[in-house]
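Protein sequences, first through last, are from chains H and E. According to the numbering used here, the first sequence holds residues 1 to 87 in order. According to the numbering used here, the second sequence holds residues 1 to 408 in order.
In short, the hints are calculated from the structure, not lab data. Note that the coordinates shown come from a computational prediction; the quantities given were computed from them, not determined experimentally. Wrong hints could be hidden among the right ones.
Straight-line distance between alpha carbons at most 25 Å, and here's what the computed PhoX-like set of lysine-lysine pairs gives [stated by the list, open to error]:
| no. | chain 1 | residue 1 | chain 2 | residue 2 |
| --- | --- | --- | --- | --- |
| 1 | E | Lys-274 | H | Lys-60 |
| 2 | E | Lys-274 | H | Lys-67 |
| 3 | H | Lys-71 | E | Lys-344 |
| 4 | H | Lys-80 | E | Lys-366 |
| 5 | H | Lys-60 | E | Lys-232 |
| 6 | E | Lys-219 | H | Lys-83 |
| 7 | E | Lys-343 | H | Lys-60 |
| 8 | H | Lys-61 | E | Lys-40 |
| 9 | E | Lys-40 | H | Lys-67 |
| 10 | E | Lys-239 | E | Lys-274 |
| 11 | E | Lys-343 | H | Lys-80 |
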Amino acid sequence: MWNKKKTQGILLAVVGVFLARIDVFITLENTQLFSVSAIGIILALAGIAVYATGMPRILKKAMACPKCYTKNEASARVCKKCKKVFS
Amino acid sequence: MGFLSVFPGLELFTQVPLITSVARVFLILFGFALCYLGYKEILEPLLMIPMGTGMAMVNAGMLMMPDPTNPQIIKPGTMFLNSMISNPNEIVNAMQVFFLQPIYTLTFPNGLIACLVFLGIGAITELDIFISNPRMSLLLAICAELGSILTFPIAMAMGFTSPQAASIAIIGGADGPMVLFASLRLAPEIFVPIGIVAYIYLSVCYAGYPYLIKLLVPKHIRGIAMSEFEIKEVSAGEKIAFSLIGGTVLCLLFPVAAPLFVCFFLGIIIRESKVSRFIQITEDVILYGSTLFLGFVLGCLCSADVFTDPKMFKLILLGFIALFLSGIGGLIGGYIAYFFSGKKLNPLLGIAGVSCVPTTAKVCHKIANEANPEAFIILHCMGPNIAGVITTAIITAVYVTMIPKCGF
């Protein structure tokens with residue numbers, strides 16, 4: 001399902017990538033290039049994070065199998081991986 | 001002809017400098033010790049058993065042989081592999097002589113082995129756990145990168161160049177494939193000693209971090225039994241879309257590290273696509289197969305001449321500093337989260353932020369469980385653990401991209 005947060009995230013990431021790779025378009029001194037690239041990287045990573053917050057989620061209780069540590073639903077009676085029976 | 005010439009490996013002790021002979025004996029015994037400690041599960045068995053075996057046997061199986069680059073010269077060598085050759089003709093000749101040379105030549109210098117391990121790590125990554133509490137997981141993981149950041153200036157102060165210092169600093173991320181990838185891209189001349197030191201130390205995390213935790217965290221805090229784990233489940237389709245978009249953005253940002261990102265996200269996509277045969281081959285065959293050869297080849301690279309290189313002692317010290325600082329950083333992050341959560345969060349979660357999937361998460365869980373049998377925190381630990389992989393990958397990508405680009 002597409003929503004506003006996903007669009008914002010992608011736009012932010014695109015701006016970030018543009019800034020991080022700005023040396024393709026213009027020549028900058030090392031210090032300036034480092035600063036602009038660093039800002040670009042941070043923006044792009046923030047864009048991915050904003051996109052992730054737009055993903056629809058369902059809250060569920062989970063538990064780990066005491067034997068193989070696999071994630072199982074809290075109501076499970078048997079481990080989905082190693083088939084250990086939960087007491 | 002003397003009696004010793006019946007056993008070329010023994011005869012060689014009389015033909016090389018004393019320091020090399022002493023190093024050989026030490027490495028044979030060290031290999032035995034690593035193998036034994038791996039077998040007893042005191043150190044990480046998946047790595048230490050093949051590595052210890054390779055280390056002991058490569059140092060026992062030395063003999064005088066023609067130098068592959070100049071057959072007129074006879075010098076000590078082994079029939080395992082030669083990591084020093086780079087000329088294509090010599091490589092082709094070496095592949096017909098040394099039994100591990102094809103694996104080394106075709107998978108190590110190009111970083112393929114690191115990418116295969118990363119593909120397997122992607123396939124065992126539960127993205128849901130990270131997405132359930134990304135802010136806390138990322139906070140802990142960033143704190144646990146203290147070693148990867150602070151070791152960089154320390155290594156430069158100890159005389160290493162900036163690409164070498166960055167490769168060494170990545171040891172603090174405790175993620176073997178990243179260390180291999182960074183050193184192959186930035187400082188291939190010291191890739192062998194860095195790889196050996198990194199993998200030995202990664203295994204030492206397994207044995208060493210419990211002592212660090214017990215030293216710095218009182219028992220009643222270690223045993224905090226956190227609330228039942230609530231997972232915010234995201235549909236498989238959403239996770240595949242996230243992997244595609246996240247992977248594409250990261251590849252656009254850091255093209256040099258694109259092979260690592262593509263393998264990691266491909267692993268996640270395979271897991272979420274529910275194609276059982278792909279999942280089986282990536283989890284069981286690719287991950288464990290590449291880990292076996294990685295450990296074995298690194299053990300076989302640990303010959304006496306590498307070990308007696310003066311740089312090795314600096315690397316051993318810096319590797320220790322990097323992992324120690326990361327552990328301390330992780331615990332600082334854990335304590336910050338502990339106080340902000342109203343003393344409900346177990347600060348051991350910070351150590352799980354030192355990526356090393358899933359070793360550090362298991363270590364934290366075991367320590368908490370020892371302190372309080374009702375504390376079952378493995379799922380809580382996996383969030384920072386996965387975030388640790390992501391932050392280490394990003395720091396590696398930043399070093400690999402920025403250092404050559406900005407000319408530090």
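TODO: Starting from Lys-239 of chain E, check that the Cα of Lys-274 of chain E is at most 25 Å away, please.
DONE: holds (12 Å)
Open item on the list: With the threshold set at 25 Å, check whether the alpha-carbon distance from Lys-60 of chain H to Lys-232 of chain E stays at or below it.
Closed with: holds (6 Å)
TODO: Given the hint that Lys-274 of chain E pairs with Lys-60 of chain H, test it: the Cα-Cα distance must not exceed 25 Å.
DONE: Holds, because 20 Å separates the two Cα atoms, which is no more than 25 Å.
Task: Pair hint Lys-40 of chain E and Lys-67 of chain H, alpha-carbon separation not exceeding 25 Å - done: holds (18 Å)
Open item on the list: Lys-343 of chain E and Lys-80 of chain H were given as a pair; does the straight-line alpha-carbon distance stay at or below 25 Å?
Closed with: violated (33 Å)
Open item on the list: Check the hint pairing Lys-80 of chain H with Lys-366 of chain E against an upper bound of 25 Å on the C-alpha distance.
Closed with: Judged against 25 Å, a Cα distance of about 22 Å means the pair holds.
Open item on the list: Run the distance test for Lys-274 of chain E versus Lys-67 of chain H: straight-line Cα separation, threshold 25 Å.
Closed with: holds (23 Å)
Task: 25 Å limit on alpha-carbon distance, applied to hinted pair Lys-61 of chain H and Lys-40 of chain E - done: violated (35 Å)
TODO: Quickly compare the C-alpha distance for Lys-343 of chain E and Lys-60 of chain H to 25 Å and report which way the hint goes.
DONE: The given pair, whose Cα atoms are some 24 Å apart, holds under the 25 Å limit.
TODO: With a cut-off of 25 Å on the C-alpha distance, tell me whether Lys-71 of chain H and Lys-344 of chain E pass.
DONE: OK: Lys-71 of chain H and Lys-344 of chain E at ~22 Å, within 25 Å.
Open item on the list: Given the hinted pair Lys-219 of chain E and Lys-83 of chain H, is their Cα-Cα distance within 25 Å?
Closed with: violated (33 Å)
In terms of the numbered hints stated before, the structure departs from hints 6, 8 and 11, listed from lowest to highest.
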